[in-house]
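So you can see what is in the structure, the chains are spelled out below.
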Amino acid sequence: MTVPLHRDALGVARCFGNLHNSQRLRSPYIGALDALAGKMAVEAAIFSLDGVVKRYGAHTALDSITFSIKNNEYVSLLGPSGSGKTVLLRTIAGFEAPDAGTVHVGNHDKTRVPAHLRAIGFVFQNFALFPHLSVFDNVAFGLRYGIMPIAEDAVRERTLKMLDLVGLTGLGERGVTQISGGQKQRVALARTLVTEPKLVLLDEPLGALDANLRTRMRIELRRIREQLGVTFLHVTGSETEALAMGDRVIVLDQGRIAQIAKSDDVYNRPASANVARFLNRYNVFDGVLEGDRFTSPYGQFGFGHRVPDRRSAYAIRYDRLAARASDGPQNGGATLEAGYVASEYLGSAVVHFFEAKGGKVIEVEHHLSNGPPAKYVAGARYVLAWKPDDAIVFG
Amino acid sequence: MESKVLKPILAVYVGLFLLFLYGPFLVLGILSFQQGPEGGPQFPITEWSTFWYKHLFGLAPPSRVSPLPIGEALFRSMTLAGMTMITSTVLGVMSAQAFRKNFRGKSVIFYLIVLGMIVPGVLVGLGTALVATTTGIDRHWWSTAFATHVVYTFPFAFLVMLAIFNRFDSSVEEASWSLGVSPLKTFRKVTFPLIFPGVLSAMLFAFTLSYDEFSRTLFSSGRDQTLPLAIYGTFTVEIHPNVFAFGVLTTIFSFSLLAVYAILMTLSVRRAKRVAIQEAIA
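Read top to bottom, the protein sequences are chains A and B.
For the first sequence, the working numbering gives the first residue as 1, with consecutive numbering after it.
For the second sequence, the working numbering gives the first residue as 1001, with consecutive numbering after it.
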C-alpha cells in the first residue's frame, strides 16, 4: 500500500502524465499509468516543509527542515528537549513565522497564512481546554465560531458523535475542570478532530498523563486516527512512544532532521550516533574509526555495518551483549571488561548495569524468554561480549 | 519559641492597622446619629437620632441648616466616574494586550504610562487648567476634568490587566485559532471571558479613584463641581453631621457594590461545583 519514496514516485508518475499529454500515445500502458498516477495522488503529500529555518537571536532553533507527510499517515517526531520539536510544530501551525523556507498544505503555500486559516489542528501538551466552557461547548467551539458557519443542529449532531467516538458519551454537560486527565485529553482531541482538519499536530499529547493511562491512550489515539483517516504528526520525547505510534519516525537533533524512516529502520539502523543515543537502546562508545577497525578507550572492535556521520562512534544494542565470567573461554568476537553494578527488573527482561573503564555505564539486556537471568557479584569483573556483525559504526 | 513572642506582636500590629483603617469611619458613623439640628460634629452625643439622615433627604422640618448642595454634584461625579471607568478599562485592556508582545521602546512606554499615577495630582490639574486657558478650551467636569481622570486611572487599569495577562495561559488562544476561529472572535469568546474578573477589578479601581478624585478636579473641572469638591465647599462654611450621614450612606453603597460582586463570583463557582456533584451521583 504505502510507497516509501512517494515524492519520487509521484514525480515519475507526473513525467508519465506529461508524456501522455504531449505525445498523445494510445498504448495500453497509458491506462495503467493513469491508474498508478491516481493512486499516487491519494498518497500524495498533504503537507510539506521546505528548507524551514527559525532563529532566536544567535540561536538557530530549526535548520533547513525539509520533509513531507502523506495523507492518512501517522508520523511521530522524536527529539530530546531543546531539539526544536515544539518550535517546529508551532511553525507548522502558524503560531510562529519561519525566517526562511515554506510550509505547504496540499498545493497551497501556507507560510504566511494566519493560524486560523490553515485548517491544521493542534493538540497541546497541557490540553489548553477552555476552562469557562463545558465539555460539550469545548468540543463544539470550532464548529460554532469557526470561519464556516454551521447550523446549531448540525453542530449538536457532530459534537455528540465526536464525544461518542472518543468515549466521552454523557459527559458533555460537565465542566472541564471537573474531569480526569485522560478525559481532558479526549476533550482536547475531540475538539480538534470535530473540525475535520487534514492534519493534526500533537505536542507531547500523552506527556501529562500517568504511565498506565498513557499506554491506553496510545491505543485509543491510533484507533481514532484510523477511524477518521486523518494525518497525525505526533511530537514526543519518548522513544518508545515514537516507535510504537508512528508509521514513520522523524528524529530531530539540534534543529536538524537526523533521520526519517519507518520505526523498525530507525530502531535497527539509526542514521547517526545521536539517533542511537536518543533511542536509549544502544551502548554508544566514542572513538576513532580507521579502515575496518574502531578504536575506543575500551579496546579495538570490529563491526558489521557502517553509517556515514560527522563524528565517529560505535553502537551496540543492549540486548546484543552477553556477560560472562572473565576467566571463561574466549571465542573471538568483540569483548570488553567491566565491573558489575546492579540490575533492574523490567518484567519481560532484566537490564544489568556494568561499569567499564572511566566510569562508562554499559547496559546489558537479558530477555527472560531466554531463560532465567545469571547471578552476578557486585564489584566483580566480567567480560561483555558481542558479535561484531551486530554493531553499527558511525563515521 | 519564636512564635510565642512574634505572634502577640503581630496580633497587636494587625489590630492597630484595622483601628487606623476603620477608626475614622467608626467615629463618622457614630457622629452621624447626633441629635439635630442643634447637635454639632463632636462628642459627646447629646441624644441619638436619625435627624441628619432625614435632613439629607429633605424630610426634616425646616431649620437654620441648609440642605447639602450635593444632588447635582452626586450625579456629575457618578457620570464622570462611569465615563472614566469605561474609557480607562478599555484603554487598560488594550494596552496590556499590546504589552504581551515585544516591541521597540516597550519599557520606556511602560514607565511613561505608569508615571501618570505618580505625578502629583495638583500639578496635573493646574497644568491642564493652564493649557485649557491658553488654548481657549472651556473647562468642564466632562471635558478637561475627564481627561485628567483618565490619565490618572488608566495606569491602574493597565497594571491590573498586565498582572492578569501575566498569569494568562495563551495556549487557549492558540487552541482557538487552530480550530479556525479568527483572532477577534477568539478574544470575544475565550480571552475576554477568562480575563473578566480582572476587567471587573480594573473597572472598580477606575470608578472609585475617579469618584473621590479631588486635587486634579479642583483646577480642571471649571464652574460645575463634582461631589468631593461640593462636600469640601460645605466644610469651608460650617460642618454639620449631615455630611457624616452622607458619608455613611455612600460607604454602604460602595460596600453593597462589592457584596454584589462577591455574591456573583461565589455563585458562579458554586454552580460549577454543583454540576460536578450531580454528575458524580448520577
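If you are wondering where the hints come from, they were derived from the structure by calculation, not from laboratory data.
Accuracy of the hints is not assured; some may be wrong.
Pulled from the structure, derived: some chain A residues nowhere near chain B, Cβ distances all over 10 Å [stated by the list, open to error]:
no.	residue
1	S68
2	G94
3	A100
4	R118
5	G121
6	P131
7	G142
8	G146
9	A151
10	L160
11	S238
12	E290
13	G291
Just a sample of chain A residues kept apart from chain B, beta carbon distances all over 10 Å, derived [to be verified]:
no.	residue
14	P114
15	A119
16	I219
17	D247
Cross-link-like lysine-lysine pairs, in silico, DSSO-like; alpha carbons within 27 Å at most [as the list claims (entries may be wrong)]:
no.	chain 1	residue 1	chain 2	residue 2
18	A	K161	B	K1101
19	A	K110	A	K161
20	B	K1007	A	K110
21	B	K1189	B	K1101
22	A	K110	B	K1004
23	A	K360	A	K387
We put the CB at the ideal spot given by N, CA and C, even for glycine.
Open item on the list: Would the non-interface assignment of S68(A) survive a Cβ cutoff of 10 Å against chain B?
Closed with: Consistent with the label, S68(A) stays out of reach of chain B, its closest Cβ about 21 Å off (over 10 Å).
- [ ] Take a quick look at I219(A) and tell me if its Cβ sits farther than 10 Å from every Cβ on chain B, holds or violated.
- [x] 25 Å, holds
Task: Consistency of the no-contact label for P114(A), given chain B and a CB cut of 10 Å - done: Label violated. Min Cβ-Cβ 7 Å, cutoff 10 Å.
Open item on the list: For R118(A), is the shortest CB-to-CB distance to chain B above 10 Å, so the non-interface label stands?
Closed with: Nearest chain B Cβ is 8 Å from R118(A), so the label is violated.
- [ ] Quick one: work out the minimum CB distance from A100(A) to chain B and report holds if it exceeds 10 Å, violated otherwise.
- [x] Non-interface label stands for A100(A): nearest chain B Cβ at 21 Å, farther than 10 Å.
Task: Check on D247(A) being off the interface with chain B, judged by Cβ distance over 10 Å - done: 23 Å, holds
TODO: Classify the label on A119(A) as holds or violated, using whether its beta-carbon is more than 10 Å from each beta-carbon of chain B.
DONE: 7 Å, violated
- [ ] Test the statement that G291(A) is away from the interface with chain B: the closest C-beta pair must be farther apart than 10 Å.
- [x] 53 Å, holds
Task: Minimum Cβ-Cβ distance from G121(A) to chain B exceeds 10 Å - done: 6 Å, violated
Task: Status of the stated non-contact between A151(A) and chain B (beta carbon gap over 10 Å) - done: Correct as stated: the minimum Cβ-Cβ distance to chain B is 16 Å, above 10 Å.
Open item on the list: So if I understand the rule, the pair passes when the alpha-carbon distance is 27 Å or less; does K1007(B) with K110(A) pass?
Closed with: Violated, at about 64 Å.
Task: Interface exclusion of E290(A) relative to chain B, criterion Cβ beyond 10 Å - done: Given that every Cβ of chain B is farther than 10 Å from that of E290(A), nearest at about 51 Å, it holds.
Hint violations for this structure: numbers 2, 4, 5, 6, 7, 8, 14, 15, 18, 19, 20 and 22, all remaining hints satisfied.
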